[in-house]
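2 protein chains.
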Amino acid sequence: MWAIIVLIIFSLIAFFVTDNLIPKLKDLFIKAGLFGYDLCKVSKNKIPEALGVVSGCIFLVTSFLFIPIVFGNNLIDTRMFPHSEFAELLAALLSICCMLLLGFADDVLDLRWRYKLLLPTIASLPLLVVYYVNFNSTTIIVPIPLRQFLGHSVNIGFLYYIYMGMLAVFCTNAINIFAGINGLEVGQSVIIAVSILIFNILELKGEQIKAHTFSLYIMIPYLATTMGLLKHNWYPSRIFIGDTFCYVSVFLFMSCLSYKISYGIIFLRFMIVENYRCC
Amino acid sequence: MWAIIVLIIFSLIAFFVTDNLIPKLKDLFIKAGLFGYDLCKVSKNKIPEALGVVSGCIFLVTSFLFIPIVFGNNLIDTRMFPHSEFAELLAALLSICCMLLLGFADDVLDLRWRYKLLLPTIASLPLLVVYYVNFNSTTIIVPIPLRQFLGHSVNIGFLYYIYMGMLAVFCTNAINIFAGINGLEVGQSVIIAVSILIFNILELKGEQIKAHTFSLYIMIPYLATTMGLLKHNWYPSRIFIGDTFCYVSVFLFMSCLSYKISYGIIFLRFMIVENYRCC
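Chains as they are written, first to last, in the UniProt record's numbering: chain A, 1 to 279; chain B, 1 to 279.
Keep in mind that the hints were calculated from the coordinates and are not lab data. Don't take every hint at face value.
It does not matter which identical chain is meant; a pair holds if it fits inside one copy or across any two.
[Said to hold, decoys possible] Within a straight-line C-alpha distance of at most 25 Å, the following computed BS3-like cross-link-like pairs (lysine-lysine) qualify:
hint : residue 1 : residue 2
1    : Lys116    : Lys24
2    : Lys41     : Lys26
3    : Lys231    : Lys46
4    : Lys24     : Lys205
5    : Lys41     : Lys231
6    : Lys44     : Lys26
7    : Lys231    : Lys31
8    : Lys31     : Lys44
9    : Lys231    : Lys26
10   : Lys44     : Lys24
11   : Lys41     : Lys24
12   : Lys231    : Lys24
13   : Lys41     : Lys31
14   : Lys31     : Lys46
Produce the complete structure using the sequences and hints provided.
Here it is as structure tokens:
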């Protein structure tokens, strides 16, 4: 459990670094032509765009520095090194890094929609392979009204992987659709992250302690860097976050929930926030 | 060995995709302000910059699609899944993806030198952890004139990891220093890649067959995508490759040589090309 304490310290540092770095990098983004105007404001100042890449990079750096801490005990006696857990973490970070790259490329180059659909699906491939190797549970629980026809659960096999790939595309757009209202995209992500964190902490005494600890490893630094971003994106916004943030957030949620915890949970959380928006 | 044949087919497709995609994306890069002028030419056309990100992304996609192929047999019986080899591949791809992101961010934002020094070191962390866990050989062979004082080999311990981290920074600049002469940065990388490929093929019958096969998995798609890039970067250049390519190439070379094969080999290759340049 001391690894979690170290991670909280790392995350606090990450929060302060994000908070301090964003104002310093603003001019670089404006100089590179990455800016927009806040349409509903009287002032027509240039507001730097795509700052989500900064919080994403700081998240990655924090996670890289955390690797030797979380696997510290096993590094002393490498024969017992938990390769499968290490591969899980690497696959999650790889998918996140890949989406960070794609998101930033999208912000800079304004990619066409066909690339936007294709690349998240490909970026989720390392996650899916790890899921297949470690768990390969493709059984879904049937909703109560349909149980008299289909039974309690159905194994949908390969379709489950297509569902997971498609979920990445859905969730990206579910966050992105909030664009235009100051702080709402980041705010939604903070709420989802906090709800996942509470869920993980409550479940730490349950059977799936490893899966929930893994989720904490990803969610704690994410929440810290996102709070740093939210501070500057809060009304009146001094920065815009760009597509980068949407892509990265989704893959973070997917990574931390993909292992032994149902994908249904992430879907449910998005649905709750989306319905709240519609009301 | 059939995995290598599939990889060659994938790589050929990757070459044609790179070759076709670069002209199509040129205008997007110019529109985003990513362009330069060829100073030694009479014509003052805008030449798109940072196209190395395209070949880098296609390399990543090829590698992602190749994951189920290379671990195909083990996916059927997941109990025997080679987690350590999977972690090696993921760590290599993570470092490469991270440098692709940093390189592209550098091209877009023109980062200060302190970030340029810091981030490659951090990006090499997953590689170093994998090296530590799987091999942890920090013994170096002493050059012949010094052997009477130091013996045949010296274990330099932790300093070896600092050396590997620093090597990433050195090699990046060793490629980048060629910037300004059409096709030279990419040309050098192709020559180094071919020399590593020949070395791997010659050593396939030796003791380290796994390490050299791993290196082939990385080098074959890299060579294909880089050839696609070279075609457009060849004199007279229609594209510039940007810092992205330098960062990515170095991490590719480091990844494929870090496992059981000495880091000295990459150093030697860079030294040969650098000396040739100086002559």
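Here is what the structure says about each hint:
1. Lys116 with Lys24: Answer is between; shortest inter-copy Cα gap is 16 Å, intra-copy 30 Å.
2. Lys41 with Lys26: within (19 Å within a copy, 35 Å between copies)
3. Lys231 with Lys46: within (18 Å within a copy, 39 Å between copies)
4. Lys24 with Lys205: neither (43 Å within a copy, 54 Å between copies)
5. Lys41 with Lys231: Result: close within a single copy only, 19 Å intra versus 48 Å inter.
6. Lys44 with Lys26: Within one copy only: 16 Å inside a chain, 31 Å across chains, cut-off 25 Å.
7. Lys231 with Lys31: Close inside one copy (22 Å), not across copies (31 Å); limit 25 Å.
8. Lys31 with Lys44: both (17 Å within a copy, 23 Å between copies)
9. Lys231 with Lys26: Classified as within: same-chain Cα gap 14 Å, cross-chain 37 Å, threshold 25 Å.
10. Lys44 with Lys24: Within. Shortest intra-copy distance 21 Å satisfies the 25 Å Cα cut-off; inter-copy 34 Å does not.
11. Lys41 with Lys24: within (23 Å within a copy, 37 Å between copies)
12. Lys231 with Lys24: Close inside one copy (15 Å), not across copies (39 Å); limit 25 Å.
13. Lys41 with Lys31: within (22 Å within a copy, 27 Å between copies)
14. Lys31 with Lys46: Close inside one copy (10 Å) and across copies (19 Å); limit 25 Å.
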